[in-house]
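Two chains, each in its own frame: build the complex with the hints.
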Amino acid sequence: MPIIAIRIMKKHSVLILGAQSDIAKSIAKKFGENNYNLVLAAKNIDELKIQSIDLKVRYNIVVDIYEFDVLKNENYEKFIKNLKEVPSIVICAIGFMGEQKENERNSDLRTKVLRTNYEGPINIISELANIYENQGYGTIVGISSVAGDRGRSSNYIYGSAKAGFTTFLSGLRNRLAKKNVHVLTVLPGTVYTKMTLGLKLPKIFTSYPDKVASDIFKSIMKKKNIIYTMGIWRLIMMIIKLIPERIFKKLKL
Amino acid sequence: MIKNLKETFISGWGGYPTRKTNMVYPKNIEQIQNEIKKGDLIARGNGRAYGDSSINEKNTISMKYFDHILSFDDSSGILVVESGILLEDVINTFLPRGWFPYVTPGSKFTSIGGLIAADVHGKNHHKEGSFRNFVDWFELINSKGEIKRCSKNENSELFEWTIGGMGLTGVIIRAAIKLRPVKTCWIKQKTLVAKNIDQTLDIFEKNMNATYSVAWINSTSNKKNLGQSLIMFGEHASIEDTIKKNILHPLKSRSKKYMSIPFYFPNWFLNKKFVKLFNYIYYLIGKNSSKEKLVNWDDYFYPLDSVLEWNKIYGRKGFVQYQCVIPLNKCKEGLIELLKEIELSKASSFLSVLKRFGKQESKFSFPMEGYTLALDFPVNEKTLDLLEKLDEITLKYGGRFYLAKDARMKKEVFKKSDTRIKEYTNFRNKNDCDKNFISCQSSRLEL
Chain A
0 MPIIAIRIMK
10 KHSVLILGAQ
20 SDIAKSIAKK
30 FGENNYNLVL
40 AAKNIDELKI
50 QSIDLKVRYN
60 IVVDIYEFDV
70 LKNENYEKFI
80 KNLKEVPSIV
90 ICAIGFMGEQ
100 KENERNSDLR
110 TKVLRTNYEG
120 PINIISELAN
130 IYENQGYGTI
140 VGISSVAGDR
150 GRSSNYIYGS
160 AKAGFTTFLS
170 GLRNRLAKKN
180 VHVLTVLPGT
190 VYTKMTLGLK
200 LPKIFTSYPD
210 KVASDIFKSI
220 MKKKNIIYTM
230 GIWRLIMMII
240 KLIPERIFKK
250 LKL
Chain B
0 MIKNLKETFI
10 SGWGGYPTRK
20 TNMVYPKNIE
30 QIQNEIKKGD
40 LIARGNGRAY
50 GDSSINEKNT
60 ISMKYFDHIL
70 SFDDSSGILV
80 VESGILLEDV
90 INTFLPRGWF
100 PYVTPGSKFT
110 SIGGLIAADV
120 HGKNHHKEGS
130 FRNFVDWFEL
140 INSKGEIKRC
150 SKNENSELFE
160 WTIGGMGLTG
170 VIIRAAIKLR
180 PVKTCWIKQK
190 TLVAKNIDQT
200 LDIFEKNMNA
210 TYSVAWINST
220 SNKKNLGQSL
230 IMFGEHASIE
240 DTIKKNILHP
250 LKSRSKKYMS
260 IPFYFPNWFL
270 NKKFVKLFNY
280 IYYLIGKNSS
290 KEKLVNWDDY
300 FYPLDSVLEW
310 NKIYGRKGFV
320 QYQCVIPLNK
330 CKEGLIELLK
340 EIELSKASSF
350 LSVLKRFGKQ
360 ESKFSFPMEG
370 YTLALDFPVN
380 EKTLDLLEKL
390 DEITLKYGGR
400 FYLAKDARMK
410 KEVFKKSDTR
420 IKEYTNFRNK
430 NDCDKNFISC
440 QSSRLEL
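Chains as they are written, first to last, in numbering that gives the first Met the number 0: chain A, 0 to 252; chain B, 0 to 446.
Chain B extracted, bound-state conformation (with noise of 0.2 Å):
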């Protein structure tokens, strides 16, 4: 019996927007095809995507009973699951027999499917590129109901359309990914302290060969010190690190209290003068700490997936990711502009991230050689107001989006930031893709 329940409201991780759906959750692959049959539909993994990307006002068909491991190739780290697997599920099978993702988003609760439908990049796209350099093949069905293997050599326009699709060219079932051999548990982080923009940069550049570096990036700051930020780079650690600070086990994960949010913040709660404080402080600690530590895999790579439900923190009405692209060749100029404009507004990013990329391949994913900045705000109308503004920005200097995390982006911005669209929509049409598999961001941005 396929469970089907009508009229639930759901939404992304950011809680904006909500969206009445009538959510299916099939058991097997002929419950699915018979839902592509009825058309118009949209797949959805564990629902981490912050915006609307993952809800159809129709359908959305859970791929939450998806979750099996097919097989495992310990000579080649080549592993084969079904696409509604959590990469949680996946790190804590596969990490204590020593393997580990090769990219990793910054949430350890995304499904596989997720991942390859919204192509993620980690902490080392500068080095080692997005999920889609570790994805072997994948099983899809598509608008006529076939299951189509895909990978770089068969169906391969699929395939790279399918990668970074967000889902828009059919539902991905099962998938062959490759894991990294690694010999510990523990990360080997050093951070480095930027007192300014011009700082920031420069040591992204000098360090490139770094695996892993992301920088957290005080987006209160201004004047002289506009760009202030922490620089974190990491290392997988050898045995030897874990030998000199007597870890005795060092494939085996720290059991871990998760905490969580029982309840919603009120919504002025993240306001202004407490991010500008909580930035302050956080600068502070990070510029006097130890500068080489060794850290557990989990507080490296998700250090907000230990607060459960976090999410509520940004209150009832939720709030909004917003992550652009900026290239390389004027990454400074639109950084700087972006950081003023932030800064000079009444609303405030919690968290803001700064990344480098490297170079990327395949059709449709986010990104792109250059900058990669990522924010958070509660929603609200001088936040939207902002994000405009910020559209522009981004704009003007080239950049794109992530849509991963957008949830109220404007078609007009989306279609002139990518010149890519057009052969996408065409590739959709072409497949009947464009009656069958649609989003509310899709339909949003005409996608």
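So here's chain A without its partners, still in its complex pose (with noise of 0.2 Å):
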């Protein structure tokens, strides 16, 4: 007897950690236009509340939301065993700079600097990439920053949770690329989001929320490795990273 196999068209879904960010927001649009389901996951559920709302009048996909606080250690397994199914997706937007010079002098202050950006998103996304290098395939995107790149006086100590995230980025692409899972390390350089609110932005080379989630979604689907958005920031990084350092320490910068 002939098996008739029906195919139920499926939609694919996508997992946004830290999805309140102002570029997890307009990723999750990005998604959602492109007839994804998404599954959001971030600390204020009555927030994500009204965006999943949001997105569903939209785009009328499925949105599922979790609340997750990636300072909370003993979160990852279980935020992973709850979710109905994990996405062949996950993009990690999460993120805090607070500010430089309270940094420097709060240690409260700056521990959360470091486990924002460095040991949460490493915790969590290497659970994820545990599953997805056993079921053989997968993407993983990270949202890094421009300010890992050399450390700067202005925002060395963020600067370094974010250089520490990029290089866990590298090798994890180096050791999932021969199981067919893809990793693709974000460098945006500045972008008008909450995050940056008040600062002082070169006009010329500041980014939109909106236009980084196109980049990076393009960038998804084209397989790529590290990008940049604006690209332009490829090469002011790399003139950055040339200056000496007997020069660059004088630099005020």
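Hints listed in this document are in silico derivations from the structure and should not be mistaken for laboratory results.
We put the beta carbon where it would ideally sit given N, CA and C, even for glycine.
Mixed in with the good hints there might be a few duds.
As the list claims (entries may be wrong) - In silico DSBU-like links for lysine-lysine, alpha-carbon gap of 35 Å or less: (1) A:Lys193 / B:Lys434; (2) B:Lys286 / A:Lys202; (3) B:Lys316 / A:Lys199; (4) B:Lys26 / A:Lys77.
Stated by the list, open to error - Listing some non-contacts, in silico: residues in chain B with all C-beta distances to chain A over 12 Å: (5) Ser61; (6) Asp66; (7) His67; (8) Lys107; (9) Gly144; (10) Glu159; (11) Asn221; (12) Lys251; (13) Arg253.
Quick look at the structure:
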């Protein structure tokens, strides 16, 4: 008897960690627009609820929400276990910059910056990476920062955590490339978001969340490895990295 | 965590005046309520009022993060949104599904909360009225920090004072507005040419059943050509109209490239000679181009939006908009006197727009049955002198002024222009709004 396979048209879904950030919100819209279902995770469940209603009305998609605090160690496995299903794309948009001057003096704040940008994302992504490795497919996107490319006095504590995160992603890509798992490192330059409100940003080099989101979407589709957004930041950081340390240390950057 | 930016300098869209403020970016209702407890604040949407309506020198509350859609009923067209969402977002989301706002101002980069607070009008006021007519209900946080749901039947007094009340009754947080079902995203536009003010008014009056109508008026014309204009009428195009033009997807917008003005033009750029030449050429082109055509919604309703940051053309000093309305029974005399005064002065209005208003309900909205003239000028002494003269003429003919555009009116003029002010002030005093919801404009006008 011939077996008739009925293929139910299933939508792909995307897990967004730190879904309340401005860049993450734009990413959610970008994927919604392209008919993906969404799984959103963030600290504040009430705000997530409103965001999910908005996305459902706009795009007629399924949106699941989960409360998730990256600073709580015991969370990671439980969080993954609670998911209805593990989406095959995960985007980590978790980040916290704080203020450099405060980070220098206050150890609680400093720890928060380090754990939010480095320890937390690495723990949760590692768990998901193991799942993707076993199943033999998946996409991991980490939003790091150009601040991690070279330490500058104006934000090196945040920058050093991001540098660690970038290095982690690079190693992870090296490990998983053989296992059909795609790892994308996103290095945004300055972007107009809640994080940078009130900072003086160089207008021509500063991007918008929507633009960053669409760059990320395209790069996932094209299976890129490392992207700078805006692209000009690749050049800017190349120059910054080329400055000899004995000169660099005297600069005000 | 609530972001709080001390000592930011902000202005309205006109770039004049600029004031120092403390910008606050709440992310939830509770944070707004906490700000209200401190008192003395004003809510700000996208900052597209031209003058100082959405600036408070102590606390300016940005509604930027209240930009969510909460529900949409596609049988009734009722859309529920948070107040900080931009009209552009609403249109981009719902026009492809066949819905468009009933009333839209000349810019889509305006927030729904702002549209309610200014009770904006569009090119269809003569037929369909102001934005108010399509507000089903809204929710507002009052001076006690309570959330009040307001509609024509519920808390109706607060509803009516809030509409057109310039944000001085509380912070609007959510609103339900009715959208218009449309079959296409195209507008059938017809342009008529009027040689003078008599013809202009005549054409308006004879076409009262057109859905949209607006006149571009050449404010540099004089004598027998005074009031020379191009009057543009519009109707939502039907499917048949688009088929005739080989448009295959009638609801699909063309992806539009936005131009942006990267720097401030020098302050002298928009001088009288240039404006005169521009207006003359514009008139000639309009006169000789095809009379009936299909125009995309974006080009029809928001021609200026296609040039981002167009306000920079006026230079760093900024520009002032001026919009007044003259009641119908004295409109011709009033308009002639206004136009003569402008023509005689050394100041020049780059774009001048004339529009017929229909009847207006509601307590404090700007429109009244008559004609409204909107002008814009670069900020300088000549301009400010001229505007004071225009104020006097408007008062003489019993007209009044649009607060969403005002940046410089004197309180004496304002008080003479409107008999409703006293009642509004009483309402505000009674409800403690006068201590809590204050803008630079309301202080200046003692509203």
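Hints, verified against the model:
1. A:Lys193 / B:Lys434: holds (30 Å)
2. B:Lys286 / A:Lys202: Since the Cα atoms of lysine 286 of chain B and lysine 202 of chain A sit roughly 41 Å apart, the hinted pair is violated (cutoff 35 Å).
3. B:Lys316 / A:Lys199: holds (21 Å)
4. B:Lys26 / A:Lys77: holds (28 Å)
5. Ser61: violated (9 Å)
6. Asp66: At roughly 8 Å from the nearest Cβ of chain A, aspartate 66 of chain B sits no farther out than 12 Å, so the non-interface label is violated.
7. His67: violated (4 Å)
8. Lys107: Non-interface label stands for lysine 107 of chain B: nearest chain A Cβ at 16 Å, farther than 12 Å.
9. Gly144: holds (18 Å)
10. Glu159: holds (29 Å)
11. Asn221: Fine: 43 Å to the nearest Cβ keeps asparagine 221 of chain B off the interface.
12. Lys251: Label holds. Min Cβ-Cβ 14 Å, cutoff 12 Å.
13. Arg253: holds (18 Å)
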